[in-house]
Structures are given as C-alpha cells and as structure tokens.
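There are 2 protein chains.
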Amino acid sequence: MTMEIAGAGALLTILRDGRARTRAELMELTGLARSTVSQRLDALLDQQWIIPADDAISSGGRPAAAFTFNAGARVVLAADLGATHARLAVTDLTTQVLAEHSEDVAIADGPERVLDWLVTAFHRLLAESGHTLDQVCGTGIGLPGPVEHETGRPVNPPIMPGWDGFDVPARLGPRLGVPILVDNDVNIMALGEHWAASPEVEHLIFVKVGTGIGSGIITEHRLHRGAQGAAGDIGHICVPSAAHVVCRCGNTGCLEAIAGGGALAAQLDVANGREVVRLVRAGDARAIQLIRQAGRDLGDVLASLVNFFNPGVIIIGGDMADAGEHLLAGVREVVYRRSLPLATQHLNIRSRQLGDRAGVIGASVLMIEHILSPGTVDLSVASG
Amino acid sequence: MTMEIAGAGALLTILRDGRARTRAELMELTGLARSTVSQRLDALLDQQWIIPADDAISSGGRPAAAFTFNAGARVVLAADLGATHARLAVTDLTTQVLAEHSEDVAIADGPERVLDWLVTAFHRLLAESGHTLDQVCGTGIGLPGPVEHETGRPVNPPIMPGWDGFDVPARLGPRLGVPILVDNDVNIMALGEHWAASPEVEHLIFVKVGTGIGSGIITEHRLHRGAQGAAGDIGHICVPSAAHVVCRCGNTGCLEAIAGGGALAAQLDVANGREVVRLVRAGDARAIQLIRQAGRDLGDVLASLVNFFNPGVIIIGGDMADAGEHLLAGVREVVYRRSLPLATQHLNIRSRQLGDRAGVIGASVLMIEHILSPGTVDLSVASG
Chain U
1 MTMEIAGAGA LLTILRDGRA RTRAELMELT GLARSTVSQR LDALLDQQWI
51 IPADDAISSG GRPAAAFTFN AGARVVLAAD LGATHARLAV TDLTTQVLAE
101 HSEDVAIADG PERVLDWLVT AFHRLLAESG HTLDQVCGTG IGLPGPVEHE
151 TGRPVNPPIM PGWDGFDVPA RLGPRLGVPI LVDNDVNIMA LGEHWAASPE
201 VEHLIFVKVG TGIGSGIITE HRLHRGAQGA AGDIGHICVP SAAHVVCRCG
251 NTGCLEAIAG GGALAAQLDV ANGREVVRLV RAGDARAIQL IRQAGRDLGD
301 VLASLVNFFN PGVIIIGGDM ADAGEHLLAG VREVVYRRSL PLATQHLNIR
351 SRQLGDRAGV IGASVLMIEH ILSPGTVDLS VASG
Chain P
1001 MTMEIAGAGA LLTILRDGRA RTRAELMELT GLARSTVSQR LDALLDQQWI
1051 IPADDAISSG GRPAAAFTFN AGARVVLAAD LGATHARLAV TDLTTQVLAE
1101 HSEDVAIADG PERVLDWLVT AFHRLLAESG HTLDQVCGTG IGLPGPVEHE
1151 TGRPVNPPIM PGWDGFDVPA RLGPRLGVPI LVDNDVNIMA LGEHWAASPE
1201 VEHLIFVKVG TGIGSGIITE HRLHRGAQGA AGDIGHICVP SAAHVVCRCG
1251 NTGCLEAIAG GGALAAQLDV ANGREVVRLV RAGDARAIQL IRQAGRDLGD
1301 VLASLVNFFN PGVIIIGGDM ADAGEHLLAG VREVVYRRSL PLATQHLNIR
1351 SRQLGDRAGV IGASVLMIEH ILSPGTVDLS VASG
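Chains as they are written, first to last, in the working numbering: chain U, 1 to 384; chain P, 1001 to 1384.
Please note: incorrect hints may appear among the correct ones.
Stated by the list, open to error - Now the in silico label distances, taken between C-beta atoms and shown as ranges:
{"#": "1", "chain 1": "U", "residue 1": "Asp54", "chain 2": "P", "residue 2": "Asp1164", "range": "34 to 44 Å"}
{"#": "2", "chain 1": "U", "residue 1": "Thr120", "chain 2": "P", "residue 2": "Gln1353", "range": "47 to 57 Å"}
{"#": "3", "chain 1": "P", "residue 1": "Asp1042", "chain 2": "U", "residue 2": "Ile51", "range": "32 to 42 Å"}
{"#": "4", "chain 1": "U", "residue 1": "Ala285", "chain 2": "P", "residue 2": "Pro1161", "range": "46 to 56 Å"}
{"#": "5", "chain 1": "U", "residue 1": "His244", "chain 2": "P", "residue 2": "His1085", "range": "44 to 54 Å"}
{"#": "6", "chain 1": "P", "residue 1": "Pro1158", "chain 2": "U", "residue 2": "Glu333", "range": "19 to 29 Å"}
{"#": "7", "chain 1": "P", "residue 1": "Gln1345", "chain 2": "U", "residue 2": "Leu45", "range": "45 to 55 Å"}
{"#": "8", "chain 1": "U", "residue 1": "His221", "chain 2": "P", "residue 2": "Leu1133", "range": "56 to 66 Å"}
{"#": "9", "chain 1": "U", "residue 1": "Ile51", "chain 2": "P", "residue 2": "Asp1167", "range": "43 to 53 Å"}
{"#": "10", "chain 1": "P", "residue 1": "Ser1373", "chain 2": "U", "residue 2": "Ile51", "range": "26 to 36 Å"}
{"#": "11", "chain 1": "U", "residue 1": "Ile51", "chain 2": "P", "residue 2": "Arg1019", "range": "34 to 44 Å"}
{"#": "12", "chain 1": "U", "residue 1": "Asp109", "chain 2": "P", "residue 2": "Ala1071", "range": "57 to 67 Å"}
Unchecked claim - Partial list, computed: chain U residues near chain P (C-beta under 10 Å):
{"#": "13", "residue": "Ala10"}
{"#": "14", "residue": "Thr13"}
{"#": "15", "residue": "Asn156"}
{"#": "16", "residue": "Ser215"}
{"#": "17", "residue": "Thr219"}
{"#": "18", "residue": "Asp233"}
{"#": "19", "residue": "Cys249"}
{"#": "20", "residue": "Asn251"}
If you are wondering where the hints come from, they were derived from the structure by calculation, not from laboratory data. Just so it is clear, CB atoms sit at the ideal spot from N, CA and C, and this is done for glycine as well.
Using the sequences plus the hints, can you model the full thing?
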C-alpha cells in the first residue's frame, strides 16, 4: 500500500511541471510496468490530481492519450503570522493566490486566541475564493520565532508569550481536517522568494531586516533548518562596531542591536522601523546615514557567511528593505570588499521581489512541496 | 538503457547496507516488477556487485534465495595531496584500507610531475594490495585548493602554481581507465570524518587548522560546495583581534593570519605549525597561551557560523589539532559564550578521530557515493 502511494507520487512529481505526457513516456521515465502506471494514473484521474490533456500526442500511429497536472485539483491555505500582523491566502497548486486577507493580529495574545481567529479567517477566505474545505490539501503556516518543523511546535520563541512548545498542528488539524505544516516566518519568506523569483538558484540566503534581523537558507533548492531548527539566526552574530550595545538576548554586540529597525528607530527617536523608512524616503540625511551604516554592519556579517556558504544570491527583505538602495548599497560595499573574489564573482545581492507576499507564497510552497514529493502523496487523505 | 542502469543502482543502494534481502523484499522496496528485479539482479550477480547470501531466508515455505552486497567487488584508489605531502590508499567499497602509502611530494612541482608520480604510485600500491587495474571502479583525489568539482579543475588555487584550470581527470583518466573525481582536500576530510565517525549527524562542520585554516561542510549527509565550489573558506573571515594583520590574500584581519599554524610559528620564531605543536606538548607556556588564544579567535568565527548554520557537530582537525585540548578549550569557551542557546544545546565540538587518514578515507567515500548512487551506477564501465 505504501508503495502504491509512493508510486503515484512519482508520477505527480514528473507531471507537475505542466507538460503533458503519454502512458509510454511515463513508463520510460519511471521504469514502472505498464499495468502499474495504468493503475496509478487511474487513481490520480479519479481524484482529479491529473486530467487528460487536450493535445493528445501522435507518434505515427493513432494518437496516444496524454495526461497533465491539474493545478486546480486542490487549494492550499497559507498564513504568515508576524508579531503584530497576519497575512492569509488561498492558493492553487502553483502558488497562485486565489484570495487573500491581511489584518492586525498580536501574536502575544497567545496560541488559543490567535489560532481560533485563524480558523475562522481561513473559513471566511475559503468561502470568498469559492472553495470548500474538502478541496483543501493542506495548510502552511509561518510563525515569528524558532519552530521545530517536524512537530510544528515553537521552541523558546522570544516574542511569542504562551507559544513555547504549543502543539499548533494538534490545535488546527481537527478543525481544518487537513495536514498542517509550521515553520519560522523567515524560512517561508526564503521559500517564497526562491520559488517565485529565483527558482534556478541552488544556494540562497534571504535576510529579513525588520524590527529584528533573521535569515532563511536555501541549499540544493531546499530549506536548511539545521540540527535544532535554529539555522539562519544571524541577528545575534557579534559585530565589532556593536561591542558596547546590550541586546535583548542578553549578549552584547549583536547585529540586530545595532542594525535592526528597532535600533535605528531608537537612534532617530521615532516609533518603529517603518517610521525610519519614511524618514529615509523623505530624504532625512541622518536617517539615510544610519540606514547606510546598518547596511555596512549587515554586510560585515554577510561577508563572513559568503566565504563560508558561497551562495549564488542574497536577497534583502523585511520592512527595512523598503528603504531601497541605501541599505543595499551598504551591504554590497562591505561584501564585495571583504569576501573572497571566487565567492563574489557571480554573487547577486538584490532586494526582495515579492514584497509582503513572500511569506504566504512560501507557506503555500512548503505545503505543495510536501504534498507533491514522491514519498508523501497520500491519496487516501487527498480524496477528502 | 539509462533506466536499466538506474534501476540496478536502486537495488545496489538498498543492498549496500550489508543486509541480505530476497527477490520479494527487493520488489517491495523498489516497486519494480519481478521480471525487472530478476533481470537487474542477474546483471549485478554477473559482475559480482552482489553475491548470494549464505543465510537464505525462510518464510514458511521453501527458503528464498537472498542477495547481499559484495564489498570486495571492486577497489577504489584514493589520494590526499597536500602542499608538501601525499597520502594514497587502496580501499574496498566500505572504505576499508587494503594498502596505503605516504610520501613527501611538493604540489608546487606542478600538475604534470605530480600526477605522473601519482599514476606510478597508484600502480605500485595496487600491485601491493594484490589487485589489478580492472578491479578498480574509480579514483577519488583531494587537492589543497578550490576545485570545480564537476570538471575536476582547480580554480585559482593560491598555493598550487601551474594547476589553475588544469584538467586533472583528462590527465589521469586515460592512464587509469576509471572515473576520476577531484575535490578540495578539506572537503574530503569532512567526508571521511562524517562517514567514519559521525555518520548519523545530518549537519557538520569540519575545520582544518594547519598552516592555513579551512572548513568542509556537510548538510543532509552530503557535501555543501556552494555556488562556485568555494564554500568553507573560513580562513579569510575577518576577526576583530586580527584587524592590524595583513593576510597573504591581500586583505587584513583574516582568521588564518592570526590563528593559523604559520602565524603561530612566526610569533614563536619556529619553522612551522608542527614545531608549535611540539612546543605545546613540551609544556612551553608561551606556546600554550598562543594556541589557546588561537582557539578563541577560531571560536569567534565558529560562534557566528553556529548561529547561521546550526550544525550538530564541529570537528577540529589538521596538524594543529594535535596540540590537543588547549585549542579545543579556546574554541569551546567562545562558542558556548557567544552562540545562541538553542543552537549550542546539543552541539558537540570535538577533535578529529581519523587523524591523518581522514583525507584518503574521504576521497574513497567521494568515489563510492558516486558509484553506488541510484542514478549513476554504470554497469558497462563497471564490467571492466
């Protein structure tokens, strides 16, 4: 039974690129017997994961029936929950957004209140998009703290009181009736940007510069979460120019204590990072000077990581990325000066392309990759 | 034809764990048809990649024939070429060393002389081990500089005059008649230590502290080479305490310019890193103080990398590792103070376990992983 399911997954993995293929092509590509391929195609057709292609392929004799992936077969519920703001989406199986919603929600209200709100909001959004719960194949969720991805539980999240160890899938699963995957918000943003804007890049670092600073790492096209799921936490790397500053983590000299949106806002006597961005855009010389220096400090850290990790692309995202070229210029200045020439030869350092949507797109990617990976397609669940 | 070969690889990938399995078990594990499994088993038996298992498995009826991996089916030639010293080995398909040789060879003599010597030395060692060239399935080679792994060509190697862009496989291939894989020496050491001493660890950083400093990165049990094959070059990461020192790379403040064996030797007025280790072991207080500080400087860099990469294990290797606990103590002191608690909670920082053999074992692993991976088993080559 397990092999049956895995085999169907292998066919879907091939077909999901959108190209139509005949039975014979699928036999050749998988090495599976004709009877096995037929059996699995029937199951996939039955549940509408695939549909007959209009353009049957002719190879001399009578035209052979061809099959193609049905991106509308199921929908995905995606959520990007930040410290004070939530963004939700319903997407198809190519991450195309069918409906979306965005609202101020305080993560500090605790898991019960926030997740109850989430279930209600998902139901409303699903109805808006014209879909029903039995068309949903899964839910991807990003949270603003470290998450043990295998269990979906936050691990000592510093800005999420009440969430430590909370079993998010156990709370949501019974009320949505679909698989739930949870990850760190910066990880899902990295997934979203990689999927939508740089799918050809094997190794990538996505940096979120918001109130704090964090990063998401893609290697061989997949998220690198590390041994404890803590990978990417670059906000607490020590930078020499911050040696005198005490960070909220209890250490001194952390990158985010000097270059995060919160640190810059404090220096400019404004409320938050968004106000800093507003000043920069208004041409305030002191704000521009500070954001450029923040770019250099970030560049100091990234220069080391470029030597170590040798990424093909670095993407600067988060609210502070809206400050534009000033931040990016500081980063580039230091990375190109400090990193090894071989590692920077083809390195591309750029701003995010998806804007605020990176998180929900990434949460959708998280679930789609899971659902369509060869080992995990579960036809019995998918049949609703 | 390609699928035939890939299918045989899938069987080998399953059988290489050493457990015997029946035809029925292999059908179940691969999802392949009985006729396909039989055909591929015949090909593998014919070429002795597998052998009938003594302990045929009985499941009620008559005992079913079982098959097991033949670790002695082929041998691997492995070489770890350092700046001034070369180490060679003939291994079986479980990396067990069947014969080895070690000799002073200057990499600066250039590729023609060094590789000609290598061919002669391999032939001699192979004869010593009682094998012939048609039993060799491939050659793995480590070189002391950046290597473009796909082509086996060194890329701007700083201490290898004449080697830049040299086509190593093209020189060796025709004279050995087997596939040649080339990689950076620190990468193969990381592979060797991972394979032999920490095979269960998913994410690992191996640090070579010799004259210079470099690292090899394992993620999801595989080498991370990065976008240009330059990953792991941590010797040129900037450390605050080295800001005044000019490095051979042309930058200032590089880690290896202050903590490498060459830098320590210069401060102690001795010839090289090995002399430094000798002084440390003899109890020289100044040498001990210096090596401990070198550990702290290395720890400064590793603390950042732990936050970023979240490895399960850090292994300290290279000649300077022979200085023992003093170096390690300095590293641990800073990493456990500076890195995030979540990332260091289960982090193991230890000395190398394979000693000088890590390189040749890793070069052998490099080739075995290639030969036995599902997509690349090439029965036509393997048949000799």
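Verification of the supplied hints:
Checking the proposed 34 to 44 Å range against U:Asp54 and P:Asp1164 shows it is violated: the Cβ atoms sit about 54 Å from each other. Between U:Thr120 and P:Gln1353, the C-beta spacing of about 55 Å keeps the proposed range 47 to 57 Å intact. Judged by the Cβ atoms, the range 32 to 42 Å given for P:Asp1042 and U:Ile51 holds: they are separated by roughly 40 Å. Judged by the Cβ atoms, the range 46 to 56 Å given for U:Ala285 and P:Pro1161 holds: they are separated by roughly 51 Å.
Evaluation of the 44 to 54 Å hint for U:His244 and P:His1085 yields a pass: the beta carbon distance comes to about 46 Å. Separation of P:Pro1158 from U:Glu333 is about 25 Å and conforms to the stated range, judged on CB atoms against 19 to 29 Å. At roughly 48 Å, the beta carbons of P:Gln1345 and U:Leu45 sit within the given window of 45 to 55 Å. With their beta carbons about 38 Å apart, U:His221 and P:Leu1133 fall outside the hinted range of 56 to 66 Å.
The hinted range of 43 to 53 Å is satisfied by U:Ile51 and P:Asp1167, whose Cβ atoms lie roughly 49 Å apart. Between P:Ser1373 and U:Ile51, the C-beta spacing of about 35 Å keeps the proposed range 26 to 36 Å intact. In this structure the supplied range 34 to 44 Å holds for U:Ile51 paired with P:Arg1019, their Cβ-Cβ distance being about 42 Å. At about 59 Å, the CB distance of U:Asp109 to P:Ala1071 agrees with the hint of 57 to 67 Å.
With its C-beta approaching chain P no nearer than about 8 Å, U:Ala10 sits inside the 10 Å limit, and its interface hint holds. Given the 10 Å rule on beta carbons, the hint for U:Thr13 is violated: about 14 Å separates it from the nearest Cβ of chain P. At its closest, the beta carbon of U:Asn156 sits 6 Å from a beta carbon of chain P; the interface hint therefore holds under the 10 Å criterion. With a least beta-carbon distance of about 7 Å to chain P, the hint placing U:Ser215 at the interface is held under the 10 Å criterion.
At a threshold of 10 Å, the smallest CB-CB gap from U:Thr219 to chain P is about 6 Å, leaving the interface hint in force. Annotation: U:Asp233 was flagged as interfacial toward chain P, and the flag holds, the nearest CB pair being 5 Å apart, inside 10 Å. A hinted interface residue such as U:Cys249 counts as satisfied when its beta carbon comes closer than 10 Å to some beta carbon of chain P; here the least separation is about 7 Å, so the hint holds. The criterion of a C-beta within 10 Å of any C-beta in chain P is met by U:Asn251, whose closest approach is roughly 7 Å, and the hint holds.
Checked against the numbered hints above, the structure violates hints 1, 8 and 14; every other hint is satisfied.
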